[in-house]
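Build out the structure end to end from the sequences listed, making use of the hints.
Below, each chain spelled out in residue letters.
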Amino acid sequence: MPAIDLDRLAELARIELTAEHTAAFRADLERVLALVDRLQAVDTSGVEPMSHPLDLPQRLREDAVTEADQRDALLALAPAAEHGLYLVPKVIE
Amino acid sequence: MSAERLLTSSLRELAAALAEGRTRAEALAEAALGRAQALQERLNAFITLTPERAREAARAADERRRAGNVSLLSGLPIAHKDLFCTKGVRTTAASRMLAGFVPPYDAFVVERLAQAGTVSIGKTNLDEFAMGSANEHSHFGPCRNPWNPERIAGGSSGGSAAAVAAGIVPVATGTDTGGSVRQPAAMCGVTGIKPSYGRVSRYGIIAYASSLDQAGVISRSAEDCALALTAIEGFDPRDSTSLDHPAEDHAAALAAAGGRLDGLRLGLPREFFAVEGLDAEVRRAVEEAARTYESLGARLVEVSLPRAELAIPAYYVIAPAEASSNLARYDGVRYGYRAPDYADLDNMYRKTRAQGFGEEVKRRILVGTYVLSHGYYDAYYLQAQKLRRLIAEDYARAFASCDLLLAPTAPTTAWLLGEKGQDPVQEYLQDIYTIGANLAGLPALSHPCGVDAAGLPIGCQLIGPYLAETRLLLAAHVFQQKTDWHRRLPPL
Amino acid sequence: MNRTDWETVIGLEIHAQLTTRSKIFSGAFTAFGAEPNRQACAIDVALPGTLPVLNRGAVERAIRLGLAIEAEIAERSVFARKNYFYPDLPKGYQISQYELPVVKNGAITVQVGEGDAAYEKTVRITRAHLEEDAGKSLHEDFHGMTGIDLNRAGTPLLEIVSEPDMRSAEEAVAYARALHALVRWIGVCDGNMQEGSFRIDANVSVRPKGETRLGTRREIKNLNSFRFLQQAIDYEVRWQIETLEEGGTVQQATVLFDPERGETRVMRTKENAHDYRYFPDPDLLPLVIDRAWIEEVRASLPELPQALRRRLVEEHGLTRYDANLLTASKELADYYLAAVAAAGPALAKPCANWILGELAAKLNRSGIEIGESPLRPLQLAALVRRVADGTIAHAGAKKVFEALWAGEGEDVDTIIEARGLKQVSDESALEALVDAAIAAHPKSVEEFRAGKEKALNALVGQVMKASRGAANPQRVTELLRRKLTP
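Protein chains in written order, with my numbering: chain X, 10 to 102; chain U, 2 to 493; chain A, 2 to 487.
Treat each hint with caution, since some may be false.
Said to hold, decoys possible - Restraint ranges, calculated between C-beta atoms of paired labels, are given here:
#1 E42(U) <-> A28(X): 36 to 46 Å
#2 R77(A) <-> D52(X): 19 to 29 Å
#3 M194(A) <-> E57(X): 37 to 47 Å
#4 R266(A) <-> D16(X): 27 to 37 Å
Stated by the list, open to error - Where chain U lies over chain A, by a calculated footprint (3+ residues, C-beta under 8 Å):
#5 50–56
#6 84–91
#7 284–290
These are calculated hints, taken from the structure and not from any lab test.
Cβ coordinates follow ideal geometry from the N, Cα and C atoms, glycine included.
Spelled out as C-alpha cells, the structure:
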C-alpha cells in the first residue's frame with residue numbers, strides 16, 4: 010500500500026486537520042485502505058467497469074423553462090448574502 | 002381501542018379503524034406525537050418533531066374523510082428519515098453542516114406520502130449523511146434500540162426503525178445505500194424493504210452515494226411495507242435514473258396470495274453462511290427461517306456468490322468516492338454551516354468543512370478523495386467498478402437457479418453503543434450481507450425471524466432479481482402469516 | 002551565428018454557449034443580463050437533494066455541430082464530474098464530458114489571408130463535448146467580500162477542441178472566425194462574444210523548424226475577441242521565442258491576456274495544477290444517441306457552408322476565393338443567394354462582384370453588418386439586371402447604388418429614369434458623339450492609326466465624358482474602331 014499524503018488529501022477535500030486529528034485519521038485511513046486493498050488481488054482483466062446499476066440510456070428532458078425566479082427564498086438560506094449576491098471572502102484571481 | 006393500542010396495529014387495521022369512525026387522524030397524530038415525546042429521551046429516535054404541522058395535516062385528513070374523499074393511507078401517522086427534504090421543516094442529515102437547513106421543497110417520497118394523506122409527525126435520527134451502520138454517527142446523538150437502549154438501533158436509518166419498533170408510527174421512510182433500511186430493521190425487529198434501484202425517485206434525498214442510494218420503507222410487516230412502497234414508487238421526471246415503469250400494486254398482489262409458497266426456489270448463498278463473524282444464534286435463526294419457508298412449500302437450493310466478501314472493499318471504494326464529490330457542495334457559501342472565523346476563502350472552506358462534518362463523514366470524504374486522485378484511480382476506483390460488475394454477475398448467475406436469495410441481514414444482533422470503538426473497519430464489516438444488493442441495484446428486504454439469548458431481534462434477508470419487489474414481499478408476507486416474530490413488541 | 006527559424010503551433014479550445022432556452026441540467030432560463038441570481042434555481046445553486054436532468058436541446062445542438070464539421074457522433078457518451086472548489090461552482094464539481102465526448106474527429110477548411118496570398122487550411126477538430134458553465138464572481142468590494150452571481154451556472158456549453166494544426170496567429174484567427182460563423186450558421190450559438198457566448202482558449206507553443214515533437218505549451222485562457230486572440234498569440238509567440246533564444250525554458254502554464262498591456266501573465270503553473278478527480282457522474286446514465294435522431298437532425302440542417310461553397314463554384318461559376326468570402330457568414334451568404342435568386346443564375350458573378358466589391362467596402366466603411374444593409378438584395382439584383390441588359394452603364398450603376406444606399410429612392414428603374422442614367426446605345430446619337438470626338442482629338446486618331454491601341458481608350462473616354470457616362474462603352478468602342486480602320 011502506498012503512503013498516504015494526508016495533507017494533500019485534506020487540501021483536495023478542503024478539510025482542515027489539526028495535528029492530533031492527523032494522526033488519528035492516518036491510522037483510520039490506513040485501516041480502511043488495508044481493507045479496500047483486498048481488491049488488488051482480483052484479476053479483472055477484460056472486465057468492463059460498472060459505474061451504475063442501471064444498464065439504460067440517459068433520459069432527457071425537453072428544452073423548456075420550468076423554474077420560476079426563487080432568488081429571495083434561496084438567498085435566505087445563505088450564510089451571507091447582499092444585493093442579490095452570495096458573499097464569500099475575497100476571491101483573489 | 003386506545004390510541005396507544007392503535008399504534009401497534011397494522012396499517013390495514015388502522016385504516017379500518019379510521020374508516021369505521023373508531024378513531025380519527027387527529028387522535029392518531031396526538032397518540033404518535035405523545036409517544037414520540039415520551040420516548041425521545043430514552044431512544045432519541047427523532048431529530049425534529051413537527052406537532053403543529055402534524056395536527057394540521059391530521060385535521061385536514063379528517064376533513065377529507067368527512068367529505069368522503071380518502072385513500073387507504075389517509076390520516077395515518079408516519080415519520081421521515083431526516084435525509085428526505087421537507088419543505089419548511091429543517092432537514093439536517095444529522096449533520097452540524099445542515100443543522101439549520103430548511104429546504105424550500107419536498108422530496109418526491111415526502112410529496113407522494115403527503116398526497117396519499119399520511120400525516121408526518123417529524124424527522125427521524127440517522128447516521129450523519131447516512132454514513133454508518135449503527136446510528137452512532139449523528140450530530141444529534143446516537144439513536145437507541147427500543148429492545149435495549151444500551152444498544153445501537155442500527156444504521157443509518159436507525160431513527161425510523163426505532164420509531165416503528167417502539168410503536169410511535171406504523172411506518173417510516175428510510176434510505177438504503179449499503180443496508181441502511183434493512184440492517185436497522187433487523188436490529189429493531191421490524192420489516193424494511195429496499196426497492197430496486199430506480200423504483201423510487203431520489204429527488205429530494207440528500208445524496209450519499211448516488212449510484213447506490215435508494216429510498217425504502219420500514220414498517221411492522223411485509224404487508225404494511227407493500228402498502229407504503231406502492232405509495233412512494235413511480236416515475237419522477239426530476240430524477241433521470243427514475244424508472245419509467247408501470248406502477249405495481251404490491252399490496253393487492255399480497256391480498257390475492259394464498260398461504261403457500263409452492264414452487265418458490267429459495268437460494269442460500271453458501272459463502273454467506275460461511276462468514277467468519279456470523280453469530281451462531283443469528284445463523285441458527287436464519288436457518289430456522291429457511292426451514293419455515295420450506296414448510297410453506299419453498300424449495301431450498303444452495304447457490305454461490307463467490308465474490309461475496311469482496312463486496313465490502315468494492316463498496317468502501319465506490320461509496321466514499323461518490324460521497325467525496327456529492328458532499329463537495331457543503332462549502333459554507335449558499336446554505337448550511339459556515340465557520341465563524343477564517344482568514345480567507347480557502348481557510349473558510351477548510352474550517353467550515355472541518356467543523357461542519359463529523360469524523361466518519363470526514364473519513365469517508367478523505368478515502369473517497371484518495372481513491373479518485375491522480376495515480377490511484379485505476380487501482381482503486383476503476384478496479385472497484387470492475388469488481389462491481391463481477392459481483393452483479395454473481396447475483397445474476399445465482400438467480401438462474403433460484404427465485405429469491407435468503408441470507409442473514411447482519412452477522413450479529415445489535416451491539417452495545419460504543420462497542421466497535423475507534424476502528425471504522427469493524428463497523429464496515431457488518432455490511433457484508435446487505436451491500437451486494439446495492440452494488441447490483443437489486444431489491445431486498447429484511448424481516449424478523451427470531452431473537453437471541455439476550456432477547457435481541459434477528460433479521461432474515463430476502464434478495465430478489467431486479468424489479469421482483471412483489472415476489473419478495475409476498476414471500477415475507479406468507480412467512481409472517483405463519484410466524485409471529487414481527488408481532489413481538491420491545492419491552493418499553 | 003545561425004539564427005533558428007521557429008515554427009508556431011497553435012490549438013484552440015472554444016467554448017460555445019448553446020442557444021437553448023433552459024439550462025443544460027435544470028429548467029432555469031438562460032437569457033443573458035438578468036438581475037443577479039434571478040435565474041439560478043435550486044438545482045443551479047446545488048441545494049441538497051436536487052438532481053441534474055439533461056436538456057435534449059443541448060444534445061441536439063451538439064449533434065448539429067458534429068454534423069456540420071463532418072465528425073462522428075458518439076452513439077454512447079458519458080458525463081463525468083470534474084471536482085474542484087471555487088465559489089462560482091456550486092456543486093464543487095463541474096459536469097462535463099471527459100473520456101467519451103459526444104462529438105469526435107471532425108474538421109473544417111478555412112481560408113487564410115487575402116487576395117493572391119490567400120490559401121486554404123484544414124483544421125482537424127479532435128472533439129466537442131457538452132458541459133455546464135460556472136457562475137460569476139463579482140470582484141467589486143462588498144465589505145471586503147466577493148459577490149457570487151449564479152445566473153450563468155448551468156448554462157450549456159459545447160467545448161470544441163482542435164488539433165494543434167495552426168501555424169500562425171492568422172490561421173488561428175481564420176479558424177476561430179470560421180467556427181464562429183459556423184455555429185451561428187447552424188443556429189447552435191448566438192456568437193455574442195461580448196456576452197461571453199463564444200470564448201477562446203489558445204494553446205501556444207513554438208519549436209525549431211523541422212522539429213516534429215511539440216514544444217512546451219502555454220494555454221491562454223478566455224479570449225473574447227478575435228483581435229485579442231491575434232494579439233495574445235503574437236505576444237505569446239514572441240515571448241516564447243525570446244525566452245528560448247536567450248537560453249531559457251518555457252514552463253507549461255495557464256496564462257491570462259491583459260489587453261491593456263498587450264501581455265500575457267501566468268495564472269497557474271503545472272506544479273500547482275489541479276487534481277480534478279474525474280469520474281463518471283453517478284447521477285447521469287450514458288447519453289445514447291441513435292441513428293434516427295442523427296438523421297432527423299441532419300434533415301433539419303440548412304445547407305452548410307462547405308456545400309454551398311462547392312455549389313457556388315460549380316453552379317454559379319464563382320472562384321473558390323469568392324465562394325469562400327461569400328460563405329464567411331450565414332447572413333452574407335443569404336444576402337448573396339437572395340440577390341441571385343432575383344437576378345437569375347446567369348448573373349451570379351456580377352452579383353458576387355457587387356457584394357464583395359462596392360457593398361462590402363461601403364459596409365466596412367460604415368461599420369454596418371450585412372444584415373442591416375440599407376441596400377436590400379432585391380435592389381442589388383435589379384441593379385445588376387439593368388447593367389446586364391444594357392440599360393445603364395457601370396458609371397450609371399454606381400450612381401444608382403449610391404442613391405439606393407443613401408435611401409434616395411427605392412426602385413432601381415425609377416432612379417434610372419429620374420436621374421437620366423439610361424445608357425445611350427442608339428446608333429445615330431452615338432455616331433454624332435463619336436464624330437465629334439474624332440474631330441476634336443486628331444492626335445489620338447493619328448496615334449491609333451499608327452498602331453497605338455491605347456489611343457483608342459482615350460477616345461472612348463472622351464465620348465463617355467461627353468455623354469456624361471450615359472454612352473454604352475462597348476458600342477462606342479465598336480463605332481470608333483469601324484470609323485478609324487480603313
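These are the hints, each one checked on the structure:
no., hint, in the structure
1, E42(U) <-> A28(X): 36 to 46 Å, "holds, 37 Å"
2, R77(A) <-> D52(X): 19 to 29 Å, "holds, 26 Å"
3, M194(A) <-> E57(X): 37 to 47 Å, "holds, 42 Å"
4, R266(A) <-> D16(X): 27 to 37 Å, "holds, 29 Å"
5, 50–56, "holds (count 6)"
6, 84–91, "holds (count 4)"
7, 284–290, "holds (count 3)"
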